[in-house]
Amino acid sequence: MEAAAETGNMASVQHIILVLSGKGGVGKSTISTQLALALRHAGKKVGILDVDLCGPSIPRMLRAQGRAVHQCDSGWVPVYVDQEQSISLMSVGFLLENPDEAVVWRGPKKNALIRQFVCDVAWGQLDYLVVDTPPGTSDEHMATVDALRPYGPLGALVVTTPQAVSVGDVRRELTFCRKAGLQVLGVVENMSGFVCPHCAECTHVFSRGGGEELACHAGVPFLGSVPLDPELTRSLEEGRDFIREFPESPAFPALLSIAQKVLTEAPARLL
Amino acid sequence: MEEVPQGCPGTGSAQAGQGASCQGCPNQRLCASGAGAAPDPAIEEIKEKLKTVKHKILVLSGKGGVGKSTFSAHLAYGLAEDENTQVALLDIDICGPSIPKMMGLEGEQVHQSGSGWSPVFLEDNLGVMSVGFLLGSPDDAVIWRGPKKNGMIKQFLRDVDWGQVDYLIVDTPPGTSDEHLSAVQYLAAARIDGAAIITTPQEVSLQDVRKEISFCRKVKLPIIGVVENMSVFICPKCKKESQIFPPTTGGAERMCQDLKIPLLGKVPLDPHIGKSCDKGQSFLIDAPDSPAAVAYRGIIQKIQEFCGHHKPKQEPLPSS
Ligand SMILES: Nc1ncnc2c1ncn2[C@@H]1O[C@H](COP(=O)(O)OP(=O)(O)OP(=O)(O)O)[C@@H](O)[C@H]1O
Ligand SMILES: Nc1ncnc2c1ncn2[C@@H]1O[C@H](COP(=O)(O)OP(=O)(O)OP(=O)(O)O)[C@@H](O)[C@H]1O
Ligand SMILES: [Mg+2]
Ligand SMILES: [Mg+2]
Ligand SMILES: [Zn+2]
Ligand SMILES: [Zn+2]
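Quick note, the sequences are listed as chains A and B, same order.
The opening residue of the first sequence carries number 177 in the numbering used here; numbering runs sequentially from there.
The opening residue of the second sequence carries number -19 in the numbering used here; numbering runs sequentially from there.
Excised from the complex, chain B in its bound form (with noise of 0.2 Å):
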């Protein structure tokens, strides 16, 4: 297959030659020094088209499967029901992209307007934008290495006429790769408020979730807090309590008492959260009153809070 250009954490970051993705690149002695590290000019681009959003939140996990893009849909669905407040859906797992079925919107396509691609809107208030409005089929498979991903990135962010946005909630694929470097890197300049981090309560996958919050800390994303999700399982006919994932090493409580970061709440297991998202509903118009339901609006109420409180430093430090 085709050789690659060598991509690496950004020649315009302080760690430019420095991270752990430098290492045994050919360019590392050239980066590290500095010169020539010219910052990609969308990284500014970027950030002048995104002044008219208010909040970036980041959805994340080390681990596959843990609920991250139904947390991000139920994120956009929960604060959109208050019709004053503008919603954006950026989904940026590229190779496996979920929201569009989640949000009942498959089949959809993006058009190009004046300003660039517009995204598909669910509501007035709540737009979305996924590489699965861009395929041509459900059996199209998006085959691609991660400079290619990682152009699909910055076009959704530089690209996309998102107009005025209170909240623009990020869903991401698991683990500490190409997409996330790359988020992360382009949102630089235009401030992330801070990230959501999902997790299952047993130890295989938040052994997973560590590397996610060490990820974090490297590239001094800001931690919003952890979601346990998939937590009990209450059976519907006795009601009596399971563990299917059982919390065999104290679960997301105790591993957030240990990296002292705060737990935004735990979401029981709950079958209708699987058929809402098939059908493409909100689960908290499904089931309003269900645990789950309500554990979900209390997370996002902390959310809330967070963004609230958090006031952006004004201006960031500029890369040399």
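Looking at chain A on its own, in the form it has when it is part of the complex (with noise of 0.2 Å):
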């Protein structure tokens, strides 16, 4: 570790994990909320750091819209998501007035709030700090992995849908990551089929296999298929502990299979 990462608010964070996708709307904020509330549930004290300043959508999908940032010593408080305060969320969406409000910010500018978030949100002690990107490769990606480096080794959560249009963008992440020095820990596809609740035919809407194909070829770990959900995408609506209220849904196993492989892995990996 290096001399500055010894003091500061990074300096009691544990593991860090990117959560990333070249593509959009593949399912990046939907796995990083379920693997912070999974981290929670395994007793982890999780902080999520939202770095999709365009369109964040942690602070909706953890009901705490509206919420506001406060000032300490040590700078930025993060909103607690939880009464135990095992969650902790920094998102442009509380810095914002209003909500329709479009941030129409170039790179520089976003480079500097990043910045911000990482070195002056007083993050305290946290097990993992996972990380909420937009899509692609660009200004976000790039200040997210300078200002995190020095807290090191970074972890990397690729998210993709089993279409070979998704894959494709998630192989130029790939590449991303392994020049960028970060450690995939593993693909995860989002997406994967549907199971009609009629009549119980699964239907591959977004095809199939494609998340599992693209680990194999580029050699790092599958970590499963979450399958379309729509209690998941309900629970994402209103905010709700998806992995503790609907055990029996059909997202569930594979989400909480992803998040205890991230927990055994993690510790290992990123050293």
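Derived from the structure by calculation, the hints contain no laboratory data.
If you're wondering where the values come from, they're calculated on a predicted model, not measured in any experiment.
Note that the Cβ used here is the ideal one computed from N, Cα and C, for glycine as well.
Be aware that one or more of the hints could be misleading.
Stated by the list, open to error - Have a look at the derived ranges for each label pair, beta carbon to beta carbon:
#, chain 1, residue 1, chain 2, residue 2, range
1, A, R354, B, G94, 14 to 22 Å
2, B, V274, A, Q259, 45 to 53 Å
3, A, G357, B, E24, 38 to 46 Å
4, A, P326, B, K34, 49 to 57 Å
5, A, K355, B, K217, 56 to 64 Å
6, A, G184, B, Q135, 56 to 64 Å
7, A, P329, B, K240, 44 to 52 Å
8, B, K217, A, G395, 33 to 41 Å
9, B, G87, A, G357, 27 to 35 Å
10, A, E377, B, E233, 27 to 35 Å
11, B, Q92, A, K355, 23 to 31 Å
12, B, P202, A, L272, 35 to 43 Å
13, A, G242, B, K34, 41 to 49 Å
14, A, A187, B, E221, 48 to 56 Å
Hints given; two lone chains; assemble the complex.
Structure below.
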């Protein structure tokens, strides 16, 4: 570890995991929130850093919209999602006066805010910091990796849907991971199939198998497939704790098993 | 990493120094004063270059993965079914270009012609341009910061030899960032007919789309209307409907009422759309009678009507 990392707001953060995808709307924010909830239920202290500045989704998904961040001596106090303060969250969503306001920022301004999010948030003691990112490989990603690098090794969870159009973008994201020196913990395939609630027929709305094939091709672990689950969408719309409230639903076992793999793998891979 | 020159919404615009992106910009005061604010000469060059392009349509969404590229591709396919209509499709999603794959043009290369880059032609009347045509391998990542992306978009608009075109469709990445500002700024003098905004029914998506609509209003970009994509899913076996992405806050319909903008139509979730996209074929031809194809056609017609009725104003006000 570098000297600068010994002190400051990030000093007591154990493991850092970025959730990435080259493709939009594949479920990065969904996986970020569900991973955080599952880690929390495993007794971990979790921070979520939302660096999607144009389209922050996490506040709604954790029912924290409209909350405010406060200042303290060591910087911004993140928003605590639960009573026990086991999940803390920082998002540009908390800094906007009007939720419909567009954040029309070019790169340099985004970079500055992301640096602040990393350095000036009083994260305190965290077992995991989960970083939700916008799609792509641009300013936000470079700024995040640059700012977090001293606190080091950075893990990456790469999310894709099964379709070729998505897998194509995600291949490029894996190249980014390699170039940026991220430890790819694995690929998650999301929206894999839909089981009709009326007749139990499974339809592969967004095709099938692309995630596993990609992981195999790229030589990185495949962590699992999460089916399309309307209960998950609904739970996210209402900001509910899916992992606690919907253990019977189709997406639950997959999400839990992915979180388990992260829990067992991450400490060894992110040393 | 390298220091980046400060970008801004355009020194030539009336918003210079006053836009949201100018806050904190070291040049804010200078820009706001209007002193030394020489507009980028490319804006005029692009206006000249695009004189042969009748209608310009931006496809936008604040949210990722809602179907912008799928819609852009099918708007292009649909319009180009009339062989007398010349269509150009420009993909300005620099980091995640989907259009080459969706149009079955993966691995194609752009050629240099006398007057610039020549687009890749899928049909005689359908030309396509994307950063995907400039990459060596499918694993190449375009890891570019804003200014470099802006330079690429400028080149796409100024240096591509589109020829006589009835419709130029611009597919964008999600959000309200460099690519969007650049497209709007560079096309300011050439004039954009309007934006088609894509969303899915759930609030997680709508909340980002409202921001996109604020963006359009901020930069005075006319809104053609909203397309709700992935609306319902009809089980291929039992034919019963499911809402995979439920409209928990009333969907696009309610948002359009609230914001007083037209709803152009709703496209259901149809697994064949994804298959057609992966194969690089037109879903309108693969499944012409499906509810989704019918919905697409209705929307395309409304966009044509909008462009027909919409008379571009004579001359834009000179920016000072
Ligand atoms: N497995 C799933 N089943 C059902 N709905 C899902 C599933 N995964 C994600 N969703 C829903 O799909 C939408 C897109 O997911 P999400 O917002 O997490 O994607 P994203 O990759 O973060 O998007 P963006 O690129 O815009 O940041 C959300 O409304 C979410 O609730
Ligand atoms: N109505 C639909 N039914 C089924 N699948 C669809 C539908 N519309 C789009 N898709 C599929 O959904 C995925 C996302 O669509 P698309 O790539 O067009 O979204 P996008 O908004 O351009 O994403 P990005 O934000 O990454 O640019 C694609 O795999 C596409 O094939
Ligand atoms: Mg997201
Ligand atoms: Mg796209
Ligand atoms: Zn069924
Ligand atoms: Zn400026």
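These are the hints, each one checked on the structure:
1. Between A:R354 and B:G94 the C-beta distance comes to about 40 Å, which lies outside the given range of 14 to 22 Å.
2. Distance hint for B:V274 and A:Q259: a CB-CB separation of about 50 Å, consistent with the stated range 45 to 53 Å.
3. Judged by the Cβ atoms, the range 38 to 46 Å given for A:G357 and B:E24 holds: they are separated by roughly 44 Å.
4. Range check, A:P326 to B:K34: Cβ separation about 54 Å, and the 49 to 57 Å hint holds.
5. Separated by about 45 Å at the C-beta atoms, A:K355 and B:K217 break the suggested range of 56 to 64 Å.
6. Checking the proposed 56 to 64 Å range against A:G184 and B:Q135 shows it is violated: the Cβ atoms sit about 42 Å from each other.
7. The supplied range of 44 to 52 Å is met by A:P329 and B:K240, whose beta-carbon atoms lie about 51 Å from each other.
8. At about 38 Å, the CB distance of B:K217 to A:G395 agrees with the hint of 33 to 41 Å.
9. Against the hinted window of 27 to 35 Å, the Cβ-Cβ separation of B:G87 and A:G357 comes to about 30 Å, which satisfies the hint.
10. A hinted range of 27 to 35 Å holds for the C-beta pair A:E377 and B:E233, which are about 29 Å apart.
11. For B:Q92 and A:K355, the hinted distance range of 23 to 31 Å is satisfied, since their beta carbons lie about 29 Å from each other.
12. Here the CB-CB span from B:P202 to A:L272 is close to 25 Å, at odds with the stated 35 to 43 Å.
13. At about 45 Å, the CB distance of A:G242 to B:K34 agrees with the hint of 41 to 49 Å.
14. A:A187 and B:E221 have their C-beta atoms about 53 Å apart, which keeps the hinted 48 to 56 Å range intact.
Of the hints listed earlier, those the structure fails to meet are numbers 1, 5, 6 and 12, in rising order.
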